[in-house]
Structure formats: structure tokens, C-alpha cells
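S.K.: Sequence:
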Amino acid sequence: MANEKTETKRNWKQYFLGLFGLNLLVFTTLIVFLMATPPRSDTLPFPQSIDEPGAQFRVESTKADLNELINDYLDQVLLADNADFSIWIDEDVHLTGAFRAFGVPIPLNVRMEPVVQANGDLVLTMTEMSLGLLDLPSNRILHYINQQVETPEWLYFDSENEQLYVAITQIDIQSNFRFSLQELDLTDDRIAFLIKIPRAGAVSAE
Numbered sequence: 081m082a083n084e085k086t087e088t089k090r091n092w093k094q095y096f097l098g099l100f101g102l103n104l105l106v107f108t109t110l111i112v113f114l115m116a117t118p119p120r121s122d123t124l125p126f127p128q129s130i131d132e133p134g135a136q137f138r139v140e141s142t143k144a145d146l147n148e149l150i151n152d153y154l155d156q157v158l159l160a161d162n163a164d165f166s167i168w169i170d171e172d173v174h175l176t177g178a179f180r181a182f183g184v185p186i187p188l189n190v191r192m193e194p195v196v197q198a199n200g201d202l203v204l205t206m207t208e209m210s211l212g213l214l215d216l217p218s219n220r221i222l223h224y225i226n227q228q229v230e231t232p233e234w235l236y237f238d239s240e241n242e243q244l245y246v247a248i249t250q251i252d253i254q255s256n257f258r259f260s261l262q263e264l265d266l267t268d269d270r271i272a273f274l275i276k277i278p279r280a281g282a283v284s285a286e
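Offset between the sequence shown (1-based) and the working numbering: plus 80.
Some hints here could point you the wrong way.
Ranges of calculated distance between the beta carbons of each label pair, as one might list FRET restraints [to be verified]:
#1 Phe137 <-> Glu193: 25 to 33 Å
#2 Gln136 <-> Val184: 42 to 50 Å
#3 Ser166 <-> Gly134: 30 to 38 Å
#4 Leu216 <-> Arg279: 45 to 53 Å
#5 Asp170 <-> Asn199: 23 to 31 Å
#6 Phe137 <-> Glu240: 25 to 33 Å
#7 Arg279 <-> Asn189: 40 to 48 Å
#8 Gly134 <-> Arg180: 39 to 47 Å
#9 Arg180 <-> Arg138: 35 to 43 Å
#10 Val195 <-> Thr123: 13 to 21 Å
#11 Thr142 <-> Leu213: 29 to 37 Å
#12 Ile277 <-> Thr207: 30 to 38 Å
#13 Pro133 <-> Val184: 53 to 61 Å
#14 Gln136 <-> Pro217: 40 to 48 Å
By construction, these hints were calculated from the structure, which means they are not laboratory data. Beta carbons are placed, not taken as given, at the ideal position from N, Cα and C, and that holds for glycine.
Use the sequences and the hints to build the structure in full.
M.R.: So this is what it looks like as C-alpha cells:
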């Protein structure tokens with residue numbers, strides 16, 4: 081009986097050491113890869129305000145409604161089996177989740193400050209970022225995520241400036257509608273979108 085307990089203890093110790101060694105190897109490889117790869121940014125779109133005739137409507141929302149909408153949409157457009165993310169909007173934008181690197185899940189936590197652009201797009205500036213327990217520059221982490229996770233065409237990684245550019249005006253909502261972000265006041269919970277129906281689209285829909 082004592083021999084069985086000793087053998088079980090030895091097996092658990094070997095398993096722990098093996099798992100620790102595997103994780104250490106993964107994180108070491110990841111650090112070397114991140115530090116050896118210079119951060120590169122996507123080519124950002126030129127922000128344009130499209131002025132065309134048609135009807136337009138202002139739609140107001142709340143942070144609670146926007147959280148639900150974003151996460152439902154995120155499940156549909158995040159084209160990756162190796163990543164699982166969720167977004168929570170409070171006083172800022174908080175992204176949490178994990179993606180797999182070398183077969184090991186690595187937690188990701190990001191806090192971002194949103195700034196509405198004049199044309200209705202959105203820029204998210206990184207204020208905090210952590211990748212597992214690694215203390216690495218945010219620009220390299222952003223670059224790595226951009227390389228590993230397939231994201232929608234309207235999401236641009238400005239890794240060098242530690243920002244994400246969300247081209248809201250480019251999002252395809254499978255209709256003739258165009259929409260843009262008009263107001264995003266997270267402190268007072270005032271969020272508004274501008275929805276526009278181009279005149280040509282309105283005519284073709286009749």
C-alpha cells in the first residue's frame with residue numbers, strides 16, 4: 081500500500097514537472113518570437129465622410145444594449161477556432177479572452193480608450209494590456225494577435241501606435257443602410273449612431 085502511494089506521488093510529480101516544462105518552453109518560444117518580430121501596422125483606411133442624398137436617422141443606445149449587440153456580433157465575425165474573446169464596455173472598453181499558441185491557451189486582457197472619429201469610425205487606444213503573465217510591449221502583442229487571429233476586414237491593427245481602428249462605416253450589414261458612430265459618452269451612458277438610407281437604395285427597395 082505504501083509503495084502504491086509512493087508510486088502515485090512520483091507520477092504526479094513527474095506530470096507536474098512535465099507540464100511546467102512544457103509551459104515554460106511555450107512561453108519562452110513565444111517571447112523569442114515576439115521580440116524577434118518587429119511590430120507592423122495594417123494600412124489604415126483614409127477616413128472619409130460620404131455625402132450623398134437620402135434619409136438619415138439618429139438611433140440612441142446604452143452600454144448594456146451595446147455590450148449585448150457587440151458580443152453577439154463578435155461570435156459571428158471572429159473567424160478563428162483558436163480564439164475566444166468578449167468585450168465589456170463600462171468607463172472604457174475592456175476585452176478579455178484567450179487564444180491558443182503552440183497548443184496552450186494564453187489569457188489576454190486589454191483595456192482601451194475609445195475616440196470617435198469625425199467620419200463616424202472609432203479608434204481604440206490601448207491603456208493596459210497583458211498576455212498571460214508576460215510583461216511585453218503592447219505593440220508587439222498587438223502585432224502577434226494580428227498575425228494569429230483572423231479578424232473582420234473593417235478592423236485594422238495599428239500596432240506601432242498601440243491602437244485599433246474600427247472602420248464602422250465599412251461594416252457590411254447586408255442592406256442599403258450605412259451607419260456611423262455619432263456619439264460615445266461612456267461616463268453619462270450616451271451612445272448614438274447615425275443610420276443613413278441612400279436615395280438610390282431607397283428607390284431600389286420599392
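S.K.: State for each hint whether it applies.
M.R.: Each hint, compared with the structure:
{"no.": "1", "hint": "Phe137 <-> Glu193: 25 to 33 Å", "result": "28 Å, holds"}
{"no.": "2", "hint": "Gln136 <-> Val184: 42 to 50 Å", "result": "48 Å, holds"}
{"no.": "3", "hint": "Ser166 <-> Gly134: 30 to 38 Å", "result": "35 Å, holds"}
{"no.": "4", "hint": "Leu216 <-> Arg279: 45 to 53 Å", "result": "50 Å, holds"}
{"no.": "5", "hint": "Asp170 <-> Asn199: 23 to 31 Å", "result": "26 Å, holds"}
{"no.": "6", "hint": "Phe137 <-> Glu240: 25 to 33 Å", "result": "37 Å, violated"}
{"no.": "7", "hint": "Arg279 <-> Asn189: 40 to 48 Å", "result": "45 Å, holds"}
{"no.": "8", "hint": "Gly134 <-> Arg180: 39 to 47 Å", "result": "45 Å, holds"}
{"no.": "9", "hint": "Arg180 <-> Arg138: 35 to 43 Å", "result": "42 Å, holds"}
{"no.": "10", "hint": "Val195 <-> Thr123: 13 to 21 Å", "result": "20 Å, holds"}
{"no.": "11", "hint": "Thr142 <-> Leu213: 29 to 37 Å", "result": "35 Å, holds"}
{"no.": "12", "hint": "Ile277 <-> Thr207: 30 to 38 Å", "result": "37 Å, holds"}
{"no.": "13", "hint": "Pro133 <-> Val184: 53 to 61 Å", "result": "54 Å, holds"}
{"no.": "14", "hint": "Gln136 <-> Pro217: 40 to 48 Å", "result": "42 Å, holds"}
Hint 6 from the earlier list is the only one contradicted by this structure; the remaining hints agree with it.
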